[in-house]
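We have chain A; now place chain B onto it with these hints.
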Amino acid sequence: MISDEQLVEESLAGSALAFSDLVERYQERLLRYLLTRSGNRADAEDAVQDTFISAYRYLYSYNPRWRFSTWIYRIAIRNVARQPQGEIRDVDVIADENAPDPLEECIVACERENVWLTAKRLLNQDAYAAMWLRYVEDMSIKEIARALDKTQSWTKVTLLRGRRSLSAELTEGASGAAGRQIYGRI
Amino acid sequence: MDEFENRLKLDAQAIRAGISPELRSRIDASLRATEQIRPVPESPAPGMNLWWASSLTGLAAAVIVIVLVNWNGPSTVPAPLEQVADRTVPAAVDEFQGLYPPWLIKTADFASPLEEELARLQADIERASKNVKEDIDFTF
Chain A
1 MISDEQLVEE
11 SLAGSALAFS
21 DLVERYQERL
31 LRYLLTRSGN
41 RADAEDAVQD
51 TFISAYRYLY
61 SYNPRWRFST
71 WIYRIAIRNV
81 ARQPQGEIRD
91 VDVIADENAP
101 DPLEECIVAC
111 ERENVWLTAK
121 RLLNQDAYAA
131 MWLRYVEDMS
141 IKEIARALDK
151 TQSWTKVTLL
161 RGRRSLSAEL
171 TEGASGAAGR
181 QIYGRI
Chain B
1001 MDEFENRLKL
1011 DAQAIRAGIS
1021 PELRSRIDAS
1031 LRATEQIRPV
1041 PESPAPGMNL
1051 WWASSLTGLA
1061 AAVIVIVLVN
1071 WNGPSTVPAP
1081 LEQVADRTVP
1091 AAVDEFQGLY
1101 PPWLIKTADF
1111 ASPLEEELAR
1121 LQADIERASK
1131 NVKEDIDFTF
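Sequence lines, in order, name chains A and B. Here the numbering used here is used: the first residue of the first sequence is 1, the next is one more, and so on. Here the numbering used here is used: the first residue of the second sequence is 1001, the next is one more, and so on.
Bound-form chain A, shown alone:
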């Protein structure tokens, strides 16, 4: 299987097919993440499209020292951060408007609450992104720090707090309440 980096090289050499393969590899992964960060599905799809356009346009600036996934997530995170603030709504706001959370809409029906819905409620955007990149994309601390433009220390601390906060919330009862009290919305 051709690596992402090889596809980037071919794309830089003028192969449109190579970049199309990269789109194929990342479109679902990016949409899944962006669905959890955008106000609605249309915004998430727009963000995916913008991410690929930016990546294609500035492909020469990609540094093969880093994984392609780190680079493209960095673009996606920046794109979603640039969306007007009004469009990124919290779960609470959505509930008030009686409109379903786009993330909730996309989650397969399950008896328990999806942990990412809980994470969205508990964590701030950066902490959420760090958790996603670590536990869904299996990125290293260094790569997460690079993607989020943060220090490695920040990443470690944020991941630890995010994990504790989520664990406390998930294990219902006194410990959960205590966890919420200590960490709040990080």
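Think of the hints as simulated: they come from the structure by calculation, not from any bench. Just so it is clear, the structure is predicted and the values come from calculations on it, not from any experiment. Backbone N, C-alpha and C fix where the C-beta goes; we use that ideal spot for every residue, glycine too. Treat the hints with caution; some may be incorrect.
Using 27 Å as the maximum straight-line C-alpha spacing, the simulated DSSO-like pairs for lysine-lysine come out as follows [to be verified]: (1) A:Lys120 with A:Lys142; (2) A:Lys156 with A:Lys120; (3) A:Lys120 with B:Lys1009; (4) A:Lys120 with A:Lys150; (5) A:Lys142 with A:Lys156; (6) B:Lys1009 with A:Lys156; (7) B:Lys1009 with A:Lys142; (8) A:Lys150 with B:Lys1009.
Only some residues are given here: those of chain A computed to face chain B with a beta carbon under 7 Å [as the list claims (entries may be wrong)]: (9) Arg32; (10) Trp66; (11) Tyr135.
Relative to chain A, chain B alone:
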């Protein structure tokens, strides 16, 4: 991978993120309409050009000045090397010429003026202390 990490992964997978054919064709169309930005071949920076120009001008000016100064030849006739050597080497050094290796003679050459200075200073101190002593002993 522990249970918590497993749950995070599974729950992420539970988020339906199917790409519709419309979205895919939209992405493809927008990519076809987008041109890759190619880095412009780097030309020497203007600052670098300025540096070279000023360096060359300075060098040329220095060469011109040297040529002009030396146009009529040197103003003084340099003394023959042997004469200079004779004049600069103290007589005391000559006495030890055969006894000490050249580097020691060199040292003596450098040290002798300092020794003379020291002797003069010591004489001055003795004279001054003598004067002070006389002043102290002076009685009205």
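| message | Could you work out which of the previously given hints the structure breaks and list their numbers from low to high? | response | 10
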